[in-house]
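**Student:** Here is what each chain is made of, one letter per residue.
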Amino acid sequence: MGNLVALLILVPLVSAILIALVHDDKIRGYIVYTCGVIIMGLAIGTAIYWAKSGGETVVFNLPFNHVVDRLTLLGDVVLMVLIIVLSFKYNKKIISLISIVQTVIVVYVDLFGPKVKHTASMRFDYLSMIMILIIGIVGILIGIYAVGYMRGYHVHHKEYQDRRSFFLSIMFLFYGAMFGLVTTQNVLWLEFFWETTSVCSFLLIGYTKTEEAITNCFRALWMNLVGGLGFAVAIIYGSYTFHTHDLYTVIKASYSGKHTEIGVFVVAALAFAAISKTAQFPFSKWLLGAMVAPTPSSALLHSATMVKAGVYLLIRLSPALNVTSVGKMVYLIGGFTFFAGSLLAISQSDGKKVLAYSTISNLGLMAACAGVGSAECVWAAVFLMIFHAVSKSMCFQSVGAIENTTGSRDIEDMQGLLNRLPKLAMILLIGMVGMYLAPFGMLISKWAALKSVVDEHSVIMILFICYGSATTMFYWTKWMTKLTGMSEAKAKDVTQLNEYISMFTHAAMAILICVGLPFVSAKVVTPFINNYYVKDMFDGGTYGYTGTEAMSMANLTVMVVMIVAIVVVPLVNYYTTKDFEGRKTLAYMNGINTGDNESFVDAFGESKKLKVSNWYMEEYFGEKKLFNPSVLISAALIIIMLGMFLGGALV
Amino acid sequence: MNLILKSFITVIIYLVCAPFIGGLLNGIDRKISARMQRRVGPPILQPFYDVRKLFNKLPSAVDKRQLFLLMTYLFFVIFAGSMFFAGYDMLLVFFATSTAVIFLLLAASTTHSPYTGVGTMRELVQIMAYEPMELLTAVGFYTATCVGSYDNGASFMVSDFLKTDKPAIVYLPGFFIGFVFILTIKFRKSPFDLSTSHHAHQEVVKGLTAEFSGSMYAITEIAEWYEEVLLYGVVALFFITKNPISYIFALLAILVVFFLEILIDNVSARVKWDLMLKLTWGVILVFSGVNLLVLQYLNKLQELQFLNMFG
Chain C
1 MGNLVALLIL
11 VPLVSAILIA
21 LVHDDKIRGY
31 IVYTCGVIIM
41 GLAIGTAIYW
51 AKSGGETVVF
61 NLPFNHVVDR
71 LTLLGDVVLM
81 VLIIVLSFKY
91 NKKIISLISI
101 VQTVIVVYVD
111 LFGPKVKHTA
121 SMRFDYLSMI
131 MILIIGIVGI
141 LIGIYAVGYM
151 RGYHVHHKEY
161 QDRRSFFLSI
171 MFLFYGAMFG
181 LVTTQNVLWL
191 EFFWETTSVC
201 SFLLIGYTKT
211 EEAITNCFRA
221 LWMNLVGGLG
231 FAVAIIYGSY
241 TFHTHDLYTV
251 IKASYSGKHT
261 EIGVFVVAAL
271 AFAAISKTAQ
281 FPFSKWLLGA
291 MVAPTPSSAL
301 LHSATMVKAG
311 VYLLIRLSPA
321 LNVTSVGKMV
331 YLIGGFTFFA
341 GSLLAISQSD
351 GKKVLAYSTI
361 SNLGLMAACA
371 GVGSAECVWA
381 AVFLMIFHAV
391 SKSMCFQSVG
401 AIENTTGSRD
411 IEDMQGLLNR
421 LPKLAMILLI
431 GMVGMYLAPF
441 GMLISKWAAL
451 KSVVDEHSVI
461 MILFICYGSA
471 TTMFYWTKWM
481 TKLTGMSEAK
491 AKDVTQLNEY
501 ISMFTHAAMA
511 ILICVGLPFV
521 SAKVVTPFIN
531 NYYVKDMFDG
541 GTYGYTGTEA
551 MSMANLTVMV
561 VMIVAIVVVP
571 LVNYYTTKDF
581 EGRKTLAYMN
591 GINTGDNESF
601 VDAFGESKKL
611 KVSNWYMEEY
621 FGEKKLFNPS
631 VLISAALIII
641 MLGMFLGGAL
651 V
Chain F
652 MNLILKSFIT
662 VIIYLVCAPF
672 IGGLLNGIDR
682 KISARMQRRV
692 GPPILQPFYD
702 VRKLFNKLPS
712 AVDKRQLFLL
722 MTYLFFVIFA
732 GSMFFAGYDM
742 LLVFFATSTA
752 VIFLLLAAST
762 THSPYTGVGT
772 MRELVQIMAY
782 EPMELLTAVG
792 FYTATCVGSY
802 DNGASFMVSD
812 FLKTDKPAIV
822 YLPGFFIGFV
832 FILTIKFRKS
842 PFDLSTSHHA
852 HQEVVKGLTA
862 EFSGSMYAIT
872 EIAEWYEEVL
882 LYGVVALFFI
892 TKNPISYIFA
902 LLAILVVFFL
912 EILIDNVSAR
922 VKWDLMLKLT
932 WGVILVFSGV
942 NLLVLQYLNK
952 LQELQFLNMF
962 G
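Going down the list, the protein sequences come from chains C and F.
Quick note: the first sequence uses our numbering, first residue 1, plus one each step.
Quick note: the second sequence uses our numbering, first residue 652, plus one each step.
Just chain C, same shape as in the assembly:
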């Protein structure tokens, strides 16, 4: 196991270096494919190997564990130096301060801190398996997509310097860091991988080096660095109070043992780190800003990596969040973000921005589920994460390809895309349907989430979910009606083969997971809950957990029947009505039609193009109206609650 995981971290690292060195477009493409396939194979292989060997939680060390330990420390310093250099170069000196504080604490504690009980550095269980599969499959596919996409990108955008080797190389570095992040249990290592992902996303966002890109990437950096300070807290208290670097011991310390009040503060600090990473309010702005980068980086940040690291940590913390006040902080922030994010999405007509707000909103739901922390809720959170990773990556890739083809990603320009670019529109539709329509993935998870928050008597969460579902429905459906509407002739599709390979694989996966949901639930997610929640974290105790599945098998089966129905019924209907021999009529336009449905006769008797636009309701849901108040409310909530936990720890 140790060797496999070591390879999983090492291979992306080597690939990254290799890709950075090669500048020939063709050769680099082949290297990306080869390395990508190797990493994907390794990820799947590791998952299978582990599952075959019993599926029990294993703790282990990497080969040359001690050397790796020193290397992470060195890595921390390297990251700090990099941040200092860049922030001085772009005159954002204050940001380097956060990094310096953090790194000094980590290095000091590691070198001069108290001696801690030695524990193994790595840990692998069901959640690690799910995560490496998401990173290894969805993440890598985005890498493959990126090769073709970036080729087209630089044809369209001659004004930007071509730094594709750098871009692809950072993506691979990202995979490596993520693999490490989800398999380690050492807080110091976790901190290192965490900061690496922050820096990687910072570099990706700043790719074009425009003024906007620079502003946005530094915003992403400082927000994530501030969040990362939560790790400094965990490391200090972990070492000095609990004498351990083991994440799970620290989490347990918040509900059992001597210094629970300090444990609670540590968990709150870690949850704070996760909240910034998952772009919850008040930190949402960094993820919105990340849009300036080329699409593959958005797809990567939104689906397989970065924000999912935050969700991962929250799920890990969830046993310590159930019916605690830290949990309350997390679910209030999460629930609020779910609702506010979906409201803000209504007012946007930029496709990528709608996707970004929808990510923020969905992450809010995941955070809320983890924050409520009951076993059923965590079940829902894990499922939400899986579905979201696949669907969102697909949506981003499709919108990116549409933009490369039509030159616009505005939803208003997507009228009748299903006619014009059938393949791309179909992929986008599958992604969207997976995001919100009954009975697909996200909705099933919402069902479970609603049930479990009712059981937890959290009225405000019930209201957030009910209202948030309605607003979510609004922004997705109105986009959908644009895609399926009427349109003029077909457009020429310039999407490259490798982009399609990635997108079709995604579509197949999305459908497979939906249909195979009962299987995934029974074989992966429920065992995770049983193992992690009951066995590992509560030492076999049942603490609020009844052992029943979040969703009965009968319900799951009905859902699958519905999924089949929703695919089969329209198809059957389509083919039986295909030969409908009706008179073709024109749409009603008060008798001022011009002969087609695209124009009408205006007041001067001339033909005028007709534009049927969606509603955006700026005056109610616009960014100007809602964004800053949302930030203020959530920031106040976090500050007050963190203050309370700190007070508890200091007493």
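Hints are computed from structural coordinates only; laboratory data are not their basis.
Quantities reported herein were computed from a predicted structural model and do not represent experimental measurements.
Positions of the beta carbon are idealized from the N, C-alpha and C atoms, including for glycine.
Incorrect hints may have been included.
[Claimed, not checked] Which bits of chain C does chain F cover? Going by a derived footprint, with three or more residues having C-beta under 8 Å, they are:
id, stretch
1, 269-281
2, 446-456
3, 470-479
4, 562-573
Take the given structure of chain C and dock chain F to it, following the hints.
**Tutor:** Here is chain F on its own, set in the frame of chain C:
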């Protein structure tokens, strides 16, 4: 086995009778409305004549994809209704109805017609306005089955809601008000009939449905009858207990709500979408929100008592 057979028969009855009940209600509705306006009004069976005539019309369409989308809409409405009358999970029933509506919206928006365009957007706002209440209704019933039972037997199953000692309305008065409120939107009644009538000569141009003709429009009508029966089923659920006499009260309640909706329809003028959204969300929040708060509090107390008793 008996139970499965029973729900099977109920579903069959629903499938066969719902369009007749729905159509009949529609006919009575038009008659009463006419009398309120001092008109004679059409015969009670007029909706059926209308549908028959629609089916006999020469087929014509702006976009022939509309037909399969509308058939899928009809299918999912019936699917949702069948799940409800089979005693199935109530949340799933509402999820299925909202999936159904999406097909209606897609059918309307395929045409690029300015009237259906506006109708689609208005319908979407209407859905956004009432959907929280639908989900909350399910939550309400779920919580109501918790209160008063120690066996932790809460569920979303409609069949379980029928087995209570006291009618749900005792626990859910606020939810009932909220639900009746959104029924006005659901039944496309004034003041919230935004999406299907918007134009001066509204009998001809009916917003969302403006571009459905002949059999397509007939399908839409039938789907709405099915949905109407489903929604009155939910109204009945507020009054039904395991005592058979309660079914009489349920029937009475349906008639009262039915009349109330006609009355509201006839005495009010259409409002703008933003007022509707604010009003609906406000009413839902105040009535069912407060109701839920009380209910959850009772529930929590009961759990604590339970814990004290046994541990």
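**Student:** Each hint should be assessed against the structure and marked as holding or not.
**Tutor:** Now for the hints, and whether the structure bears them out:
A count of 0 residues in the stretch 269-281 of chain C with a Cβ less than 8 Å from any Cβ of chain F is obtained; the coverage claim is therefore unmet, three being the minimum. Under the rule that three or more residues need a Cβ within less than 8 Å of chain F, the assignment of the stretch 446-456 of chain C holds, with 5 such residues. Restraint check on the stretch 470-479 of chain C versus chain F: 6 residues with Cβ-Cβ distances below 8 Å, three needed, restraint holds. Look at the stretch 562-573 of chain C against chain F: 6 of its residues bring a Cβ nearer than 8 Å to a Cβ of that chain, three or more, so the hint holds.
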